[in-house]
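Residue numbers (our numbering), protein chains in the order written: chain V, -3 to 104; chain R, 504 to 1011; chain F, 402 to 978.
These are calculated hints, taken from the structure and not from any lab test. Predicted, not measured: the structure shown is a model, and the values here were computed from it. This list has only true hints and no planted wrong ones.
Taking lysine-lysine pairs in the DSBU-like style, the calculated list, with each CA pair at most 30 Å apart, reads:
(1) K17/V / K29/V
(2) K883/F / K17/V
(3) K63/V / K883/F
(4) K83/V / K884/F
(5) K17/V / K814/F
(6) K498/F / K887/R
(7) K83/V / K905/F
(8) K63/V / K52/V
(9) K500/F / K887/R
(10) K814/F / K500/F
(11) K28/V / K884/F
(12) K83/V / K29/V
(13) K28/V / K17/V
(14) K892/F / K28/V
(15) K814/F / K892/F
(16) K539/R / K621/R
(17) K883/F / K83/V
(18) K28/V / K883/F
(19) K29/V / K883/F
(20) K884/F / K29/V
Only part of the chain F face toward chain R is listed, based on derived beta-carbon distances under 7 Å:
(21) V559
(22) V563
(23) I570
(24) A959
(25) T963
(26) I966
(27) L967
(28) A970
(29) L971
(30) L973
(31) V974
Glycine included, every Cβ here is placed at the ideal spot set by N, Cα and C.
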Amino acid sequence: MSDDVKLNVQSGSGENHPLAKLFMWTDTPGAKKNFIWISVAGLIITAALMVIYPNKHPAPWEVGPMKLIAYGVIGGFAYTFVVLSAKPLFNMLSRPENYYGEGDDHDV
Amino acid sequence: MLNFLNLSQAWIAAEAPVAIVVLPLIIGALCALINKERIAWLLVLLTTLICSALSFVILREVMASGTISYGLGGWDPPLGIEYRVDGLNAPVLMLISVIGVICTLYALRSVTAEIEPKKRGPFYGAFMISFAGLLGMVVTGDAFNVFVFLEVSSISTYVLVAMGASRDRRALTAAYNYLILGSIGATFFVIGVGFLYMQTGTLNMADIALALSESGESRVTQVAFAFIVVGLGLKLAMFPLHLWLPGAYAYAPSFVTAFLAATATKAALYLLLRFVFTIFDPTADFIISALTWLLAVLGVIGMFFASFQAIFQTDARRLLAFSSVAQVGYMLLGVGIGTMAGVTAGYVHLLGHAMTKGALFLCLGAMWYQFGVTRISDFKGLGKTMPWTMGAFTVAGISLIGVPGTVGFVSKFALLTAAADKGWWWAVAAIVFTSILALVYIGRMLEAAWLQDRPQVDGVDVATREAPASMLVAMWALAIACVVFGVNATWPLELANDAASVIMGGAG
Amino acid sequence: MFDLLPHINPAFAIIIAGILCIFSPSHFVRKALMIAAPIIAGIMIFQTYDPNDTLRGQFNFAGIDFTTVRIDRLSMIWGYVFCLAGLINGIFAFHEKCKISDSCALIYTGAGLGAVFAGDLITLFMFWELTAVSSVFLVWRGGPAAYAAGMRYLGWHVLSGVLLLAGAIMYGRYAGNYDFNNIGLDVPGGWIMLLGIGIKAGFPLLHTWIQDAYPKASVTGTVVLATFSTKMAIYALARGYAGTEILIYIGVIMTLFPVFFAVIENDLRKVLAYSLNNQLGFMVVGVGVGSAMALNGVAGQVVVHIIFKSLLFMSMGAVLHRIGTAKASELGGLFRSMPITAIMCLIGAASIAAFPLFAAFVTKSMIIASVFENHNYIVFLLLLFASAGVMEHSGIKVPFFAFFSHDSGRRVKEAPTNMLLAMGIAAAFCLVLAWPFGGYQMLFALMPEPEVAMEYIPYTGNHILTQLQLLFAAMFAFALLKKLGVYPDEKRAQILDIDYLWRKPGLAIAKWSDGMMTRYEAYQTRFVKNTAGKIGTRLYQVFSPAGSFSEDAPSGLAALMTAGILALALFLVYFIR
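Isolated chain V (complex conformation) (with noise of 0.2 Å):
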């Protein structure tokens, strides 16, 4: 197959698919730096929102503020526990990539 990849790869700058346009947003600094107050509002939406529907059949965990924000706050922790493990694990675990000797495929 590596035939014909290899003439499709341009290197530099070609042109943008014209449907490119839609996604050019994400490449603005704005957007960049404003993300993270889309999710922040998203989470407090919810939150209010929870007040007028309440979880039918709470677990034993969702009692005070935590009736509202208990989502949130196990996805945010789960979220931030698995990134912040990566660094230790990647340590641990990593070894140069043709470490079984086997070759590596689909590399350019």
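Assemble the complex: chain V is given as a structure, and chains R and F must be docked to it using the hints.
Same frame as chain V, now just chains R and F:
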């Protein structure tokens, strides 16, 4: 007219057990005398065809009306020599003669390539005598006569193996090794028969069995048993008495290898069944312990050792030879289980493995014929250069592994069930594990053949060069048989069941 | 003729098409077969489904009762989604000119379908092995680097099959028949079969073949591979082990550990392979719970999972096809040149992360809710934890590093039209099957117990809010960690998994023993020759005058061996009682 046909049919059925042995003996002598290659080949083909027809008649007769007995020279047994065919040996007769036909078809081209012109007539002669010997030792009902035919077939086989020398000088050493060990085996066997004669005063198998059951076991019986089992064990390449086999299979002419692999060890295995179960009393303690420890345990050890050895071989024929030793282990395990189901499984494996291994060796021979393939590394790209040959090889190879839909699966499944019924879980585990080993050693060849590119000579791809039609017909006949009996397993299972009931009938 | 149709396993329609492919010289005939065969099989299922007559194609052979076709409500849903996946795969691979891939993909698809419709354990075993044998060629199509991985793949799968067979024989002896119904762990062979199925289902420690082989297979091969084997195993679990409690805990571990590997893995297709393992964990938990609702959830999850997972693999396959690598460290900013693929990938990511209106939202919650109903709060909490993990590796990491992140400067063509079409179909299903007004109801109607399923209402205000809150929190954490600079960059590396044990020390031991065996054999030969020379010169000469050029197995040694065996035989017949 119809009356005559019926009469002649009856006559054929009556005389067939003798004709099937005598005819190839005469033709063998004739071939050696004439020494014209084509004529000899035609005679051999004709003879094997007639023998196949006769063995088919015998098989039908046995299935319809049970045991056939024939007193040689008008002397009725037990005085004279008796030829006796029942459900146990009729299928083996059929197997040997049909494989004989297929190998002869194949021989037309392969003998031309492998044997010096002057020796071709005698070569066919030797083949006929070996063929006759094998049929004789299966058909006879006389213990000493077995020894005679055993030697007849063995001596001609040594000659056949040695004739591989024009292709590879090492055939001479291999034949020599085979000669020494084969003679030891035959000697052990005849010593065992001698002990039996000493005790019972007769050589007729049925008579011996009768006398033994009357007199009960004694030290002499036990010694006779040990000698006979070890002697036959050598002939059928029971681990660790298999040392002659890899050399003999590797350096004999291809068609001889295929024929031997499919028939010679099978005939010896038949004799083992015949002696252990119908002559001795299989319910005796000493036989049960020997079955368990000598046949089953050594069989299983052999399965492992030989499979591992096969994995590490570089020569394709030696690889298949070691695989044969491993497969003999399966059969012995089936026999060693000692139940009806076990013997049936071992017997089916005997029939199935004959087709499978025969096909594999025929394919290898064709590969040597066209491209001089001997090593596994030579298999590179064979799927492209010899697609039909490799196709047959692949079909037979997956049958050897025991993939569902092939005869290999039928027998392995029967064996698994039999071992499970007996409660021998270690044997079940061994069968399963060695099947994976078989996958590895066959897979190595298939991988090289199908997944690697064509080999190149001076930077140019080697062109496709398929084996001659006569060879293709022979190997595909066996490969298709592997699949047909794998899909429609009723027939081999029925035959094996009949055979096992002959054996177990004595045991009650 | 028409009476015969219900007795033929629909799988054969696809398998026969695969065999025809081998012999078809024309590219277009093969592609037509690849697209038509799954449709025909689907129609066969539809035509022959009869709730009063689920067991068909029965015959007795060699004393075993075979039931080659069983189309009931449990197997039917698997059958339909396998056909749909086969169709999508056919379209996705439309451009590829390779006989081996085409025929193996079809045979593999058919084998998977056949296994699902197998009514007895022996038929199951046969199709089970056929999936292994046919699919390994798809791995090998990945090029020379995939060879060893393919071998390991084959080894695992054959082992899985023989374990299944061994267990089936034990079970068959106990039960007196080989019918494939609820098995459980209390019968002989139950554990062995569970182990065999567990290999294919990617149980922890038995999972490595997934991450080993799938990323090394070819672009189209991975998409096909990721669909059938593992889901077939989930079916076998659902059929044979529903309600087996230990599966809950096995499943929970399966949902958790891949999360940590996925976060450090660089090859995005390998990330998806870990993510696949994690998703299988949810299904295994559902089977372990075993209630009607849980099994409905498992069946539904299998359907949507096959669709969105192949969507994700297809999008990464398209990237690999155009760029030549799927390594996160080499990609980035691809939305500029492959925006449609990016949209597809985002739809797949939203589906796997279970955003409302996207596929997994309606099915995964069924499984989690059934755990909650059992008051198994720790498992419930761990599943929520794993859901946040899914958001990390499949919801954010895969699309972010491939299509956004910093621009890698690569400019390529958009994916080929057939790939876009295949992705479009899958994406449409992701949306339709989660659509609140008449969409998910179609899925529910197909589930094993539709009445129970219809009682479950996924779109409640609270469910939407809690799920959104969980996902927003994950996004917030992502943005925050990124801002703080703690989010790890992608680095090229080989990440060790448990297969390290057999790929390094195990292999070393094997090589060492092989070397030692060779040495030992040489030593032994010398030893035998020397000893024979010293103590038995005569014997040796008698049996082997050829001496110097005798082979590795001299007849002298063999003669000694014969004597030894005779001694053993005599010993046995004399003394062993």
